[in-house]
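Here the structure of chain A is known, so what remains is to put chain B in place on it, guided by the hints.
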Amino acid sequence: MTTAVQAPTPPAKAVGPMRQDRRRGVGRFAALLLSPTVLVLALVIGYPIVSALRLSFQVTHQGINPTTGMVENTSHVGLANYAGIFSGDSASQFWNAFWNTTTFTVAGVAIETVIGVAMALIMHKAFRGRGIVRASVLVPWAIPTAISGLLWKWIFQSDGIANTVLHTHVLWTTEGFHAWGAVLIADVWKTAPFIGLLALAGLQVIPGEVYEAAKVDGSGPWRTFFRITLPLARPALVVAVLFRMLDALRMFDLPFVLIGAHKHSVETLSTFAWYEASNLRYGTAAAYSTVLFLYIAVVAFVFVKVLGADLIGRGVEGKKK
Amino acid sequence: MTSLPPAGASTPLAGALAADATRAATGLPVKRTRRAGASPWAYAGITVIVIYCLAPFYWMVVSALRRPDDQFSNQAFPWPISLANFESAFKPSNGFGRALLNSLVVAGLTTILTLVIGITAAYVLARLEFRFKNVILAAIIATSMFPGISLLVPLLKLFVSIHWINTFQAMILPSMSFALPLAVFNLTAFFKQMPFALEEAAQIDGASPMQAFRKVILPLAAPGVFTTAILTFIAAWNEFIIALSVTNKQDMRTAPVITSLFTGQYGYDQPFGTQMAAGVVVTIPLVILVLFFQRRIVEGLTSGGVK
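Protein sequence lines, in the order shown, are assigned to chains A and B.
Position one of the first sequence corresponds to residue 1 (our numbering), numbered consecutively onward.
Position one of the second sequence corresponds to residue 1001 (our numbering), numbered consecutively onward.
Zero decoy hints are in this set.
Label pairs and their calculated CB-CB ranges: (1) D1070(B) / L166(A): 13 to 23 angstroms; (2) F1132(B) / Q58(A): 30 to 40 angstroms; (3) G260(A) / R1131(B): 44 to 54 angstroms; (4) S92(A) / P1040(B): 47 to 57 angstroms; (5) L1083(B) / Q58(A): 47 to 57 angstroms; (6) H169(A) / N1166(B): 38 to 48 angstroms.
Honestly, the hints are just simulated from the structure, not real lab data.
Glycine included, C-beta positions come from ideal geometry on N, C-alpha and C.
Isolated chain A, as found in the complex:
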């Protein structure tokens, strides 16, 4: 990538300095144009991340000052916020949130991917009405998550439409497994179309000749799907699934609006950390959110390294090999 700087070609002695000069000019120009973005990101992401890390090691105790008799907060540096993850009352709450975050992500993304791919296959076959389909597929994606949380809360009311249609009497929005299910349904509704769109884009770059060749070779529809469609659409699908997983791991709006703050059955790491912060326990909140951050980083790393998700896209990383 930086060949011009690294390799001053011997024969072009006369051109060398000039070219190097121009390259340096490009570098300076690039740095100038990049600096606002880098600066803003450092401010709104770099600073908070470092600061959260520092906060997470800051242990605050509330005690009565013996001389003044006032309640005072004293803080020192320590691992107590992280230790709370493994022992005591907070441990079970933390692991519950961790478990919910994981199950929402795994179950949600799995169902979304199946529905999304099915949608993509259908949309790919349809020749007329593409505009209507595309517009309607975008509607769940465009509705703010908080609003869709309210909408599903209304649908899942005790005498709401969900119970009427299903002929059930489930109190969906109260604590319990059904609350988890309600959040999952709302999440799948909103995000399956998004996977569908990305998968459709992946299908559309598969040339028709491949399918014709498969047909000539006597491949049935299932075989064609698993042997041709899926492998060829894989790059697009892996990226879509990765983005959905990163998004699902930080789920906040839906459980918060649909069920409520600090509800055991739908508490995620995000809502739990938010609850701690809203009760001014910044240290533990920072520790939990740091764990979530590391969790997300590990998932992203696995996707990029093991499954080969190419996020940057062709033309940059792709050319290296």
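Relative to the frame of chain A, chain B by itself:
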């Protein structure tokens, strides 16, 4: 909420649509048989998809249009239609009108600032060769995966100490943490598609890189910038956790936040009719954007990640 679409490649949908047009025009027999064979099932499938996507939204609209007395009716059509829920959503004590304005200011300013800052970065990353380019691009993309909550906790503490609670900047600046990577990502993908001959021609004519960018590339990039603006605006308009946490005064809340916090007459009953009406109002601008710019939005969302 916001999912970052992958960057890199071209616009496959547009290509496919063009291919459809050619197929229709040439009327190749092979394609014709395939189309005839596929259609009944495909149409059934399409109907299922459309119902799946629109039924809950339809229910929101229907519930908003009911009379408060019929609120718990589960009839598919609201009759008689009533705007009472909308009236009560806009009741002065709810502060919903002001919240819409706040949302517009926050989402609008976030979009403008993001584009102004992001365009140059995306151009540099897409068109120029320099050291650490891949590292910088990867870092910018990596920032999009940071969970909002881990940014929020320290920012909340900071904003409390510098008295930024209940200010626009306290919502706009953190919103850029997801808006800026999204914009740079999309714009980089867009700039990459433009032919390099454009700059070469400009340079032969004696233009500096800056001039080439301003006079040649930028005007031609307008469609990509516009698409990015729509995506950024929708993402910022839908933002919830930051706006919820850095405000506690009613007249600084944004529309999605205030809608979720509406309280009923007695405090404990949730005013669903009013909330559905407010939800429709919050969603309508986005649905209009989707209807008008669906092709662009899909192109923006799917640009890249597709080889």
